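If you're matching them up, the sequences are chains A and B in order.
In terms of the working numbering, the first sequence opens at residue 27 and continues consecutively.
In terms of the working numbering, the second sequence opens at residue 109 and continues consecutively.
No lab work stands behind these hints, which were simulated from the structure alone.
Incorrect hints may appear among the rest.
Within a straight-line C-alpha distance of at most 25 Å, the following computed PhoX-like cross-link-like pairs (lysine-lysine) qualify [to be verified]:
#1 K416/A <-> K338/B
#2 K279/B <-> K214/B
#3 K501/A <-> K223/A
#4 K151/B <-> K110/B
#5 K310/B <-> K258/B
#6 K110/B <-> K156/B
#7 K314/B <-> K214/B
#8 K396/A <-> K50/A
#9 K579/A <-> K151/B
#10 K338/B <-> K301/B
#11 K579/A <-> K310/B
#12 K671/A <-> K655/A
#13 K258/B <-> K416/A
#14 K579/A <-> K314/B
#15 K310/B <-> K537/A
#16 K336/A <-> K323/A
#17 K214/B <-> K231/B
#18 K231/B <-> K314/B
#19 K151/B <-> K537/A
#20 K655/A <-> K560/A
#21 K416/A <-> K396/A
Computed footprint of chain A on chain B; a stretch qualifies when at least three of its residues, placed anywhere within it, have a C-beta under 8 Å from a C-beta of chain A [to be verified]:
#22 224–234
#23 264–274
Now the in silico label distances, taken between C-beta atoms and shown as ranges [as the list claims (entries may be wrong)]:
#24 A376/A <-> D202/B: 37 to 43 Å
#25 K256/B <-> D393/A: 22 to 28 Å
#26 S165/A <-> P302/B: 20 to 26 Å
#27 K501/A <-> N280/B: 43 to 49 Å
#28 K649/A <-> W207/B: 49 to 55 Å
#29 R58/A <-> C313/B: 27 to 33 Å
Nothing here was measured: the structure is a model prediction, and the numbers come from that model.
Ideal Cβ placement from N, Cα and C applies to all residues, glycine included.
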Amino acid sequence: MILDSKIPEGPLSQKWTNYKAAQKLVNPANKRKLDIIVVGTGLAGASAAASLGALGFHVDIFCIQDSPRRAHSIAAQGGINAAKNYQNDGDSVERLFKDTIKGGDYRAREANVYRLAEVSGDIIDQCVAQGVPFARDYSGLLDNRSFGGAQVSRTFYARGQTGQQLLLGAYGALSREIARGTVVLHERHEMMDLVIKDGRARGIIVRNLVTGELERYAAHAVVVATGGYGNVYYLSTNAMNSNGSAAWVCHRRGAAFANPCYVQIHPTCIPVHGDYQSKLTLMSESLRNDGRIWVPKKKEDAEAIRRGEKSALDIAEEDRDYYLERRYPAFGNLVPRDVASRAAKERCDAGYGVGPTGLAVYLDFADAIKRLGRDVVEQKYGNLFQMYQKIVDVDPYEYPMMIYPAVHYTMGGLWVDYELQTTIPGLFAAGEANFSDHGANRLGASALMQGLADGYFVLPYTLQNYLADQIYVGKIKAEGPEFDEAEANVRARMDNLMNIHGEHSVDHYHKALGRIMWEYCGMARSKESLATAKEKITELEADFYQHVFIPGKPAEMNPELEKAYRLEDYFELARLIVDDATQREESCGGHFRIEHQTEDGETLRDDDNFMFVAAWEYQGHDKPEVMYKEELNYEHIQIVKRNYK
Amino acid sequence: MKFTLHIWRQENARAKGHFETYEIDNISADCSFLEMLDQLNEKLINDKIAHPVCFDNDCREGICGMCGLYINGRPHGNDDGVTTCQLHMRHFHDGDEIWVEPWRAKAFPIIKDLVVDRTAFDKIIQAGGYISATTGGVPDANNILIPKHKADQSMDAAACIGCGACVAACKNASAMLFVGAKVSHLALLPQGKPEAADRVKKMVCKMDELGFGGCTNTYACEAECPKQIKRQNIARLNRCWIAQAFGRDRRED
């Protein structure tokens, strides 16, 4: 497998300009003769489809929910970064680029990240033009706040519902194109396989989730924008239906999968409280602007709290350990997510955790309420406080919130080049589904930025470059042996699952897989724990294929069957995550190997041996995958130890 | 906690539906309503007595708008300002009987069990619920000044999650709160003004065409809205409608 990143020539700041100047275009009359499939209607998918449709291409777009507006981008709370420097606090494209590379622990590709920073400002302009009601100050200008890993205020927000408002903006743009007839929407449809003809991605097999029937769609190019694979851990902040399968079937068909072990654990989530729990709820990182994180200084206090004999309010100021402020005075509570998560785990493992399970720390707003008044705090974070209160039944204005890290985002994903094209020609990946911009750790408020950058400002250019010579191919038809084979393959997979007739539910297995992954391949990993994970996953998978029970038929609405075929893919994905984590004998960003840490417990990178992207090639269900390396060359940025002290 | 559940079961859009009764025990008060249904489904699968109950859900944090059940006669159940996934069992009493139904409205046909087809909402948005800003070529974001109170009002309306509780709560199955929220969100912003008259006309016509009823001002929609969208949005919708009907350069507020 050849990994050609196709980075354009020229100095870093000129690469995207040079690319656009040299790229091929499609004339307006020809655009409507070219078909594009977009899978997923989150920020990346919806913005790509809307922009491509507006250019005149014919787009078919697919989502598994009942409406494109439900995609999980909707749940992003805190904000979106952009190098506008509206606050005059020293921000610039260069600064956002550097923060993102550093935040990713020097494991992302320079050219892609620079382009991301470069188009970030355009995103805000676009969203405002669409009517996204960003927060404003009294002059009518846009307001900003800070997020982790940055010393400037560059985050634009719409209360605690930024993702919702951005997605509704993209959904509006998409709806306009649907009305104009350039985009055709297929809701409640799930991508089941990718069809490759003559070495190019030419179509997909989808399952109509209402009737259960399989359908075929053909196009000149396919875009996968289906999000990440965090639900491999069962409990995560992802939505119930978020899954890794669309990306994974592309991987099975030959697309390389990069850096699967880079999983982001978000520090501020509502802690786990029972085995019936179906998901974890995030409390936005923006809360760390004003909230202070602490645990008791004395173990006996922590123990008393766990037994329910004391509450947070009984702990005197001098007996509180604001451990992030203590360990990282420069960034304090706004250190990046991986750093904050590990610090919380360290305190809890050392016996200072609070809450009934001891697996929680406090996020305290008492100071902010004193300083700003309750009204201001309510205005800024009201909906998050309400959410917390509804779930936990404790008033966060009175008592500090209890939080604990949880799986949130996956930096790994389909390997893509500078054009966001995978190793399969004609197959593109955008948003969380690709691996490209966040290295080993994503900074807060950068996921929304990347999704919209890919969809609004990158794919409309790079896809056109790919499609320029496709006009000679003519209409692609959804027929031929390749479509037949792919459809038969999907049918066989489903029949195989239905015919097991065992006794356990799919959730039974998914929960077990999640526990294995969290315990042995979660926030801290070691050679031994990873070996254990591998063994347990393989055992569990074998059991699944003997004892799972799926009621109903394939040809009907059947949520259990949906869960089952997604879980099949999670088993393979889980093994690859473990393999990738095993080969990466260093700690970087969200990947922490306990063998590789500094004396004070920080990550210890090995730049000499591991400054590369690990891209894996699928070899078959039972065969180990083969790893290829894309070396990362930092020409522009100076590599230093990541230090937030 | 222990509950007796009466759940609406319906094979598909054409089949006749009915209530089926299930008993469930050992439910934690901290568990959400949907997690309680998960446990019921787990039991149905393990005992192989019936197919699991189909219900729409996704984010389970009250923002995607996918879940929506009619619980004991109230959309999203007996807590205020929450979606079904945010409703917790601590709001019920041990031993309660609970009646669970899908949204019932002509424009939301039932697909299966508790799952309904809400694509009518998407069609209303497609009729004009957006600002036509093609990608690229837009002014700098700070060139458009928006007074804070306008931006806040717009955001209040934009918080709608499109779950359909307003339609389910309304005796006329009216979508006026949903449409009013979108019309207000955009009409309150300077960017939304150029298309405002056309937008309201197209959205209202589409709403009527799809079989939603009219508003008779009982405000059940406002009472049941999980995002507490205000009825003032319906008033603004009516004002925008009348203004465009008389061909005036309409102004709101």
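Going back to the hint list, which numbers does this structure go against? 8, 11, 12, 13, 14, 15
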